[in-house]
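Student: All chains should be built: construct the whole structure from the sequences, respecting the hints.
For reference, the chains in residue letters:
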Amino acid sequence: MAAHLKKRVYEEFSKVVQVTHEEAPAKKLRLSKPSKSAALHVDLCKASSSTDALQYLLTFSRKPVEAESVEGVVRILLEHYYKETDSSVRLKIASLLGLLSKTPGFSPDCIVDDAINTLSSESKKHLDSFTSGNLSDSSFGVRTKCLQLLGCLGLLEAPLAAMRDVQSIISDYFGDQDPRVRTAALKAMLQLHERGMKIHQIIYDQACRLLSDDYEQVRSAAVQMVWVLSQLYPESIVPIPSSNEEIRLVDDAFGKISHMVSDGSWMVRVQAAKTLGSMLQVSPHFLEQTLDKKLMSDLRRKRTAHERAKELFASGEFSSGRKWADDAPKEKLDTNTVNLIASGACGAFVHGLEDEMFEVRNAAVEALCQLARSSPSFAEKCLDFLVDMFNDEIEEVRLQSIHVLRQISTHITLREDQLDTVLAVLEDSSRDIREALHELLCFTNVSTKECIQLALLELLKNLNKYPTDRSSVWKCLKFLGSRHPTLVLPLVPELLSTHPYFDTPEPDMDDPAYIAVLVLVFNAATSCPTMPALFSDHTFRHYAYLRDSLSHLVPPLRVRTDLFLQQSLNRVSTIQNLEAAGAPELLDLTIRDLQRLGELQTELAGAADFCATFLRCQLLLMKALQEKLWNISVPLILKQNITVTAVLDESYKLEFLYSGLENRQVATIHHVRLQAKALQLILAARTRHGLDSLISSCEKFLQDVESFQRLFLTELPHLQDSFVEKLLELLPRLSSCKPVEQVKILQTTLRQSGLLQLRLPEQIHRATATIIEPTGESDNPLRFTSGLVVALDIDATLEHVQDPQNSVKVQVLYPDGQSHVIHPKPADFRKPGPNRHRLITQVYLSHTAWTEPSQIEVRLLLAYSSSCSSRLGWTDAMDSLHPAEGTVEGTIPFSKHVKVFIMPKPARR
Amino acid sequence: MPEINVTPLGAGQDVGRSCILVSIGGKNIMLDCGMHMGYNDDRRFPDFSYITQNGRLTDFLDCVIISHFHLDHCGALPYMSEMVGYDGPIYMTHPTKAICPILLEDFRKITVDKKGETNFFTSQMIKDCMKKVVPLNLHQTVQVDDELEIKAYYAGHVLGAAMVHIKVGSESVVYTVSVNKYAKSHISAWIDKCRPDILISESTYATTIRDSKRCRERDFLKKVHETIERGGKVLIPVFALGRAQELCILLETFWERMNLKAPIYFSTGLTEKANHYYKLFITWTNQKIRKTFVQRNMFEFKHIKAFDRSYADNPGPMVVFATPGMLHAGQSLQIFKKWAGNEKNMVIMPGYCVQGTIGHKILNGQRKLEMEGRATVRLLISFALTKRLIHVGKLLACVFCFHTLQLDVKLQVEYMSFSAHADAKGIMQLIRMAEPRNMLLVHGEAVKMEFLKGKIEQEFSIDCYMPANGETATVTTNPSVPVDISLNLLKREMALGGPLPDPKKPRTMHGTLIMKENSLKLVSSEQALKELGLNEHQLRFTCRVQLQDPHSDPDTLHRIYTHLKSVLKGYTIQHLPDGTVMVESIVIKVSSSAEDTNAKVLLLSWSYQVKHRHCPCSRLSKLGQKHNRLKT
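Here the protein sequences line up with chains A and B, keeping their order. Following the UniProt record's numbering, the numbering of the first sequence begins with 1 at its first residue and continues without gaps. Following the UniProt record's numbering, the numbering of the second sequence begins with 1 at its first residue and continues without gaps.
No incorrect hints appear here.
Away from chain A, derived, C-beta distances all over 10 angstroms, residues of chain B:
#1 P2
#2 L21
#3 G25
#4 N119
#5 H303
#6 V409
#7 N488
#8 V587
#9 K589
Calculated lysine-lysine pairs in the BS3-like style (CA-CA distance at most 27 angstroms, straight line):
#10 A/K465 to B/K223
#11 B/K193 to A/K187
#12 B/K344 to A/K461
#13 A/K461 to B/K302
#14 B/K273 to B/K302
#15 A/K809 to A/K825
#16 B/K223 to A/K461
Since the hints were made in silico from the structure, they are not lab data. Think of the CB as a built atom: it goes at the ideal place given N, C-alpha and C, for glycine as much as any other residue.
Tutor: Next comes the structure, spelled out in structure tokens:
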């Protein structure tokens with residue numbers, strides 16, 4: 001410690017100027033010990049009694065402490081803490097420690113463990129004397145700190161007979177005169193709850209009383225306390241004051257917290273609204289009261305706009321408001337039954353949703369969502385209110401309520417008037433809102449065919465106004481169609497504008513609106529066999545075209561193709577030997593089939609693609625190993641080298657581009673890679689660059705084989721008759737013989753090994769990315785001054801990409817071969833749905849001046865890094881991969897590239 | 001008992017002409033100084049002669065507080081300050097101070113220039129009156145004088161409307177206009193839990209609980225949107241202030257949200273000026289507006305432009321806000337006439353219309369209107385001028401007998417109610433927030449008030465008053481009397497120990513209360529004596545105890561001394577040479593009677609203070625008796 005101190009003092013001496021500047025010039029004596037820590041230490045040592053020490057500490061605490069000397073100060077304080085006998089000094093030290101740890105520029109990690117250990121062991125011992133001594137202190141600060149300490153350290157086990165229960169000690173301070181102490185007491189109790197102590201039910205009454213406290217912090221903490229108790233004792237019975245009825249505690253608490261939704265402070269309102277959402281055990285009767293609001297005008301009962309809308313809908317009339325006083329009040333109310341200040345849960349959510357602060361409204365929407373998800377009948381009732389929120393003035397609230405409605409959409413069916421309100425939002429200028437709404441419409445049930453018509457109309461309007469929404473609108477109609485085939489059926493003639501007698505002109509196939517209608521109809525037709533009969537000839541033609549071009553939106557109408565994939569694979573499995581006649585042709589054919597299948601069947605696209613790529617690897621290897629190629633001269637081997645690189649590339653794609661792979665498939669992929677490496681080794685041996693390099697290459701290959709064995713030990717039984725199995729048999733021989741012999745053995749093994757069977761995993765998806773923006777169709781170059789930057793907006797959808805924040809990159813290729821890789825910010829990724837991401841970002845382009853506009857290419861890359869132990873150090877040919885020690889890192893382009901016309905102009909002087 | 005008197009001069013069980021006198025703690029305050037819209041004679045203004053028959057009001061009133069700029073709350077202000085005579089301070093918030101003179105000037109113009117009244121206040125008077133105004137900031141406590149302080153809170157209703165908390169000593173009154181708790185348009189209200197003695201509140205909508213504003217807004221926007229979409233024009237007649245700005249914001253944000261392009265126009269004049277003030281006082285508005293202010297001022301309208309007369313004939317859809325609100329004259333009527341013939345167009349009446357106005361007629365479904373044909377008259381004049389000048393006089397005569405004109409109303413007529421007044425729930429909410437001891441209702445109809453009164457008394461169990469004009473409601477208060485306590489005394493009491501002070505439990509202490517020149521002081525008795533120049537008097541109690549003891553007097557005393565020593569441990573007991581025993585401050589003497597030497601008389605004497613402290617004296621006297629018994 002002394003050495004440490006010396007160091008500190010020394011350190012501080014070099015900063016004398018700064019310190020003197022801080023201290024008042026009057027305190028000249030201090031110059032001799034300018035360090036805070038040193039000064040404090042001397043002071044504390046000098047202190048003869050505890051009051052002196054406390055005094056020093058107090059003066060110390062008033063002065064600022066530089067970040068660099070904090071650590072020293074902390075150590076001194078801790079040391080003193082052990083020695084100190086007086087509890088008040090220790091308390092002061094404890095609170096000082098807390099303050100110091102908040103000093104900017106000081107990381108408290110280094111002392112925190114130390115401090116906690118000290119304090120907790122210490123305080124447990126002396127907790128009793130401590131509290132009795134200080135809880136009656138006249139300063140609120142001391143009491144607050146004591147309560148905090150009690151909350152953190154109070155004994156969880158049953159107390160000894162002599163000691164008082166921690167909870168009763170704390171609850172004594174619920175009635176303290178200082179609001180800060182009351183808050184601290186409630187917080188301490190909550191802390192105890194968090195640490196696992198069961199709070200007694202007696203506290204409930206006290207907590208309820210605090211709900212009407214004058215201070216918002218107290219009320220806020222009390223809401224939490226009441227909630228905790230309602231979760232602990234939901235079923236106990238409490239009496240209703242001023243009557244002899246009794247209700248469940250959770251209902252009582254629910255009523256009380258509902259009351260807080262109309263509190264004066266918005267913080268409390270937010271707290272209360274949030275809390276309501278998690279009280280799922282409340283009885284439905286109480287729950288439904290939260291949406292109750294009685295209106296009156298001149299003492300006569302008035303119907304709410306919701307009720308009127310419902311009635312109008314029931315009576316078949318549409319649109320309102322044209323008549324003067326159609327909202328005129330009806331029956332006369334009995335003055336005694338009108339309850340002006342809503343007691344209990346009455347209208348809590350009505351108030352919450354109409355609150356002035358959007359934070360409260362948001363919290364209320366969230367709570368509604370949670371409650372509605374657990375209660376279908378409540379979901380039905382809160383629908384009107386949620387739909388109303390679609391017109392909130394704050395975008396966050398609108399978005400939130402749309403999301404909420406989506407989450408509870410399984411429980412509900414929208415009425416026509418409600419749908420009308422919902423659809424009005426489609427014209428919102430915010431893209432997030434529109435897309436959320438499309439998402440919602442995908443999951444919505446509607447009741448009548450008029451609804452479908454309305455939705456279609458509004459969606460087409462939306463399409464017209466915001467053409468960029470095209471794909472989202474189409475997708476929305478796809479789901480709308482497949483969900484309501486029977487409702488679409490009567491609309492078909494009108495939608496396709498067919499006529500019983502006359503031929504109508506054939507609509508334009510490129511019209512996005514027409515495509516939208518077709519998407520709706522075709523999707524409905526899948527589960528409604530009578531519908532195709534209504535189609536005219538050109539509709540069938542258009543079907544064929546759309547099925548081909550927009551296969552993800554247009555489902556197959558009749559044929560089932562699920563089995564096709566398996567059949568193709570089975571066909572390939574008949575090829576036993578790589579050299580069998582006709583094998584390449586068969587493989588070629590299968591690959592082509594699979595690719596086509598992938599395009600047609602979106603759900604099988606991943607699997608089909610995977611198989612095709614795998615088979616292509618096999619095919620390439622097979623061709624490379626053909627006898628006749630080995631007889632040609634060395635320089636021509638280059639071509640085979642390229643093959644090897646291609647196979648390796650493909651193998652990485654197989655491993656990282658597809659999600660849902662099982663260990664077995666990974667083993668197969670690695671096996672292919674091993675084969676490729678073996679081939680590479682053989683080729684390297686033939687070119688004879690030198691024996692040394694060959695030896696090291698061989699060693700590396702053997703290491704690879706070993707690591708493969710280590711990694712896929714469990715999978716080895718499945719790899720019978722394969723290259724690796726044979727290799728493993730020969731391994732003892734291989735490792736002992738010379739490199740040239742090794743190569744020979746390898747060559748024969750490679751050629752003799754059979755084709756590995758591919759077992760298809762359950763679910764397999766290919767990571768894909770589509771760049772929506774820029775479209776690459778613009779002829780106007782993006783002009784900017786060279787040397788400066790221009791921002792290019794990029795909008796892309798990513799599917800089945802895991803952890804896009806880390807793996808997706810944007811690559812920009814300039815015509816001069818320069819390429820930049822840009823990492824988008826994590827915040828640029830949005831998640832509109834499961835397994836789907838949306839990247840909306842900006843990339844900055846810059847280049848030296850060009851004489852004329854030219855195109856740059858933009859594409860997305862998927863970065864991968866495998867931590868498997870295979871090493872690629874010996875492959876000089878592969879410059880796209882930069883192998884680090886033990887890991888492979890690289891990128892796979894997984895989107896088409898988009899060309900952007902840019903024109904950096906020379907800067908004008 | 002001290003009391004607070006509240007006397008409405010206007011607005012007592014009535015709507016309009018708000019003017020309430022409050023006398024609290026010896027101070028007289030006037031809350032609002034409004035005019036009545038319904039009258040054109042003396043009843044228009046409050047009866048200030050109630051306060052003083054002759055002479056200036058300044059001597060009787062300590063201050064005037066204006067809650068907001070509506071004329072029924074500030075219309076009589078120049079009359080009172082300049083014509084009746086008042087020079088004291090007038091308090092109002094900054095926005096009110098800015099907008100109030102515009103409205104007063106407008107009011108003056110209509111009354112004097114249009115109706116030709118004389119004996120009315122002049123423009124100069126309005127200016128002079130405004131010079132007396134002291135602006136208030138929200139939540140700022142203003143000391144009117146040493147004792148009277150006022151504090152303004154934001155009340156919804158209109159821009160700059162305030163709730164006022166008036167405090168004298170520990171007595172306080174809160175005055176509030178229509179608080180708009182639920183309207184989430186551009187204004188919001190909140191108050192401390194200040195527990196005033198009286199809460200004075202408006203009760204215009206005492207028997208109404210309104211539906212959420214959201215539905216009405218949505219309806220409104222939907223209608224406008226539909227009309228615009230089919231290429232129609234929308235006319236919204238409005239009054240210049242309050243509602244108009246609310247609707248502007250609503251449409252502006254909707255246009256922004258829905259990316260609409262159709263122009264929105266705002267008729268110039270008063271409204272433009274008012275918009276300017278809304279722009280300046282942006283911080284006085286609600287969350288949404290304030291939040292947007294980071295990017296731009298909401299009232300810096302992007303889509304709303306000033307209207308020009310010629311725009312009315314432009315083709316294509318548009319929305320026009322025009323004054324006045326009831327379609328009885330001015331620009332709104334002109335535009336209405338132009339557009340009435342087309343069924344694509346729409347007029348939206350956003351408020352209540354007085355009987356007899358065109359607004360009222362069309363709302364009631366009248367489809368054919370008879371108009372005064374001024375347009376045709378003008379044609380006649382020009383025609384006459386081109387003809388012969390001699391006939392001009394003759395023709396002018398017929399100019400003023402108005403031609404009537406049939407007007408077919410084909411456009412759609414919609415009604416949309418947006419009221420900024422608090423409903424019953426809002427008032428109850430406010431009571432819950434402020435927790436007053438008494439409630440007083442003004443500015444409402446008596447029947448409706450009666451209902452609300454009952455409800456308030458039932459649910460909060462507090463007294464509720466609803467005085468008529470000129471009637472005084474008296475509330476007795478129970479103010480706490482502050483007393484200065486000397487620090488030494490307090491410290492001494494603290495030193496005596498005991499539990500921490502508990503605000504809920506009274507605690508006794510010794511001291512002397514001195515009342516001197518209106519101030520109360522609690523000091524220790526020594527200091528009180530010193531200050532008052534009095535001598536200290538000692539009060540001693542004595543007691544005689546008869547004993548039978550054969551010993552001599554000193555012996556007896558000594559025996560008592562030794563006995564006491566053994567019994568009373570922890571007390572100082574002295575045997576003084578002058579033949580007395582002192583136990584603390586109690587003196588014991590022994591004397592024998594002349595006749596019987598055996599019969600001894602024990603004299604005990606103690607001071608007044610001793611008796612009250614738990615002292616050995618009671619035990620002593622008991623002891624004496626016991627001793628007596630022992631001996632006998």
